[in-house]
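Per this note's numbering, the sequence shown starts with residue 3, numbered consecutively.
Just so you know, the hints here were simulated from the structure itself, not pulled from any lab data.
Here the structure is a predicted model, which means the values were calculated and not measured.
Treat the hints with care, since some could be wrong.
Stated by the list, open to error - Computed list of lysine to aspartate or glutamate pairs in EDC-like fashion (alpha-carbon distance at most 16 Å, straight line): (1) Lys253 to Asp162; (2) Lys12 to Glu27; (3) Lys12 to Asp38; (4) Lys12 to Asp345; (5) Lys306 to Asp349; (6) Lys12 to Asp343; (7) Lys306 to Asp277; (8) Lys79 to Asp109; (9) Lys253 to Asp164; (10) Lys79 to Glu108; (11) Lys253 to Asp167; (12) Lys306 to Asp270; (13) Lys253 to Asp270.
Stated by the list, open to error - Cβ pair distances, simulated, as ranges: (14) Arg313 to Gly152: 23 to 31 Å; (15) Pro173 to Pro329: 33 to 41 Å; (16) Arg163 to Thr242: 39 to 47 Å; (17) Thr219 to Asp332: 35 to 43 Å; (18) Ala43 to Thr291: 46 to 54 Å; (19) Arg47 to Thr83: 24 to 32 Å.
Beta carbons are placed, not taken as given, at the ideal position from N, Cα and C, and that holds for glycine.
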Amino acid sequence: MSDDTVLHVKGRVLAGPDEDQVRDELWVIDGRVSYDRPAGARDLRTVTGWALPGLVDAHCHVGLGPHGPVDTDIAEKQALTDRDAGTLLIRDAGSPSDTRWVDDREDLPKIIRAGRHIARTRRYIRGYAHEIEPDDLVAYVAQEARRGDGWVKLVGDWIDRDAGDLTACWPRDAVEAAITEAHRLGARVTAHCFAESSLRDLVESGIDCVEHATGLTDDLIPLFASRGVAIVPTLVNIATFPQLAAGGETKYPAWSAHMRRLHARRYDTVRNAYDAGIPVYVGTDAGGTLPHGLVAAEVEELVKAGIPPVRALAATTWSARSWLGRPALDEGAPADLVVYDQDPRADVRVLAAPSRLVLNGRIVG
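Build out the structure end to end from the sequences listed, making use of the hints.
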């Protein structure tokens, strides 16, 4: 083995959330993690600090802009912004853009795709989704399950202009059939849900995850917990609800009031979910109208909601990677890690200032 394949990371290697999982050092050999010093090797470069697995943004949209798909150069800037913030693994929760070219770039975050959003006709942001009716839901779910990386994304609720408020998008029988088909094809299903009305049908139909989940009420929490349905709260996005509500006040006053109520209880919703044992993961909803690179801000929001700091870190590192089927800092795993000058367990705001980024075993920032 040549010396130029070896990187030495020392200080505090946070291989897991517990103290007995903290190591003093690791080596990166041929792009992979090793806890055994290679015999006779000299360190090409030593990196010192607190090392975490590359952060996870489990709700991100690379290739998506305010009006739909964006050009490759813009998508590249989005991915680089996320990378430089420490996000080295993305679950792209719906995008109309083909971002497979990213897979050939060793300097860009790894992406797990959910295909394109699937929405009811005229019930989502224009240019984002396949807009269909319930009779076509199973066919489109099957299509996106085959195109994605093990996930499918539904739009579970959206404003109904006739009702003047958020309502569920799909009848129960269509949801059941669609989720069954996705599972048959080996894909998990998640859904955008702001309101309360769509949640029970989705969970009882076997959904695997709910995005935002602002409508999660005390009577629904035991159902989520018993089924093991995860939530990705995207609190940095929920922070925009008052502004959205103000913009719709005149035309849709009931919707505006509803959005304000969902915003007001957002922290209680997340804390109650966590306390009940519902898996909670970090996602920013970057793309569209929200900027990229907000992963540290989302972790801080989870702590504000009442999740203990180490568990909030787990929601963007060890636990998130396990949930998505990707390794952390395991022996032999691809060396995707972020190094900090201070201990992020003591203050999660440290995540906003990574000192080194290592992706596929190479220092990229």
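So, going through the hints one by one against the coordinates:
| no. | hint | verdict |
| --- | --- | --- |
| 1 | Lys253 to Asp162 | holds (12 Å) |
| 2 | Lys12 to Glu27 | holds (4 Å) |
| 3 | Lys12 to Asp38 | holds (13 Å) |
| 4 | Lys12 to Asp345 | holds (13 Å) |
| 5 | Lys306 to Asp349 | holds (12 Å) |
| 6 | Lys12 to Asp343 | holds (12 Å) |
| 7 | Lys306 to Asp277 | holds (14 Å) |
| 8 | Lys79 to Asp109 | holds (12 Å) |
| 9 | Lys253 to Asp164 | holds (11 Å) |
| 10 | Lys79 to Glu108 | holds (15 Å) |
| 11 | Lys253 to Asp167 | holds (11 Å) |
| 12 | Lys306 to Asp270 | holds (10 Å) |
| 13 | Lys253 to Asp270 | violated (29 Å) |
| 14 | Arg313 to Gly152: 23 to 31 Å | holds (25 Å) |
| 15 | Pro173 to Pro329: 33 to 41 Å | holds (40 Å) |
| 16 | Arg163 to Thr242: 39 to 47 Å | violated (21 Å) |
| 17 | Thr219 to Asp332: 35 to 43 Å | holds (38 Å) |
| 18 | Ala43 to Thr291: 46 to 54 Å | holds (48 Å) |
| 19 | Arg47 to Thr83: 24 to 32 Å | holds (25 Å) |
In this structure, the hints that do not hold are numbers 13 and 16, in rising order.
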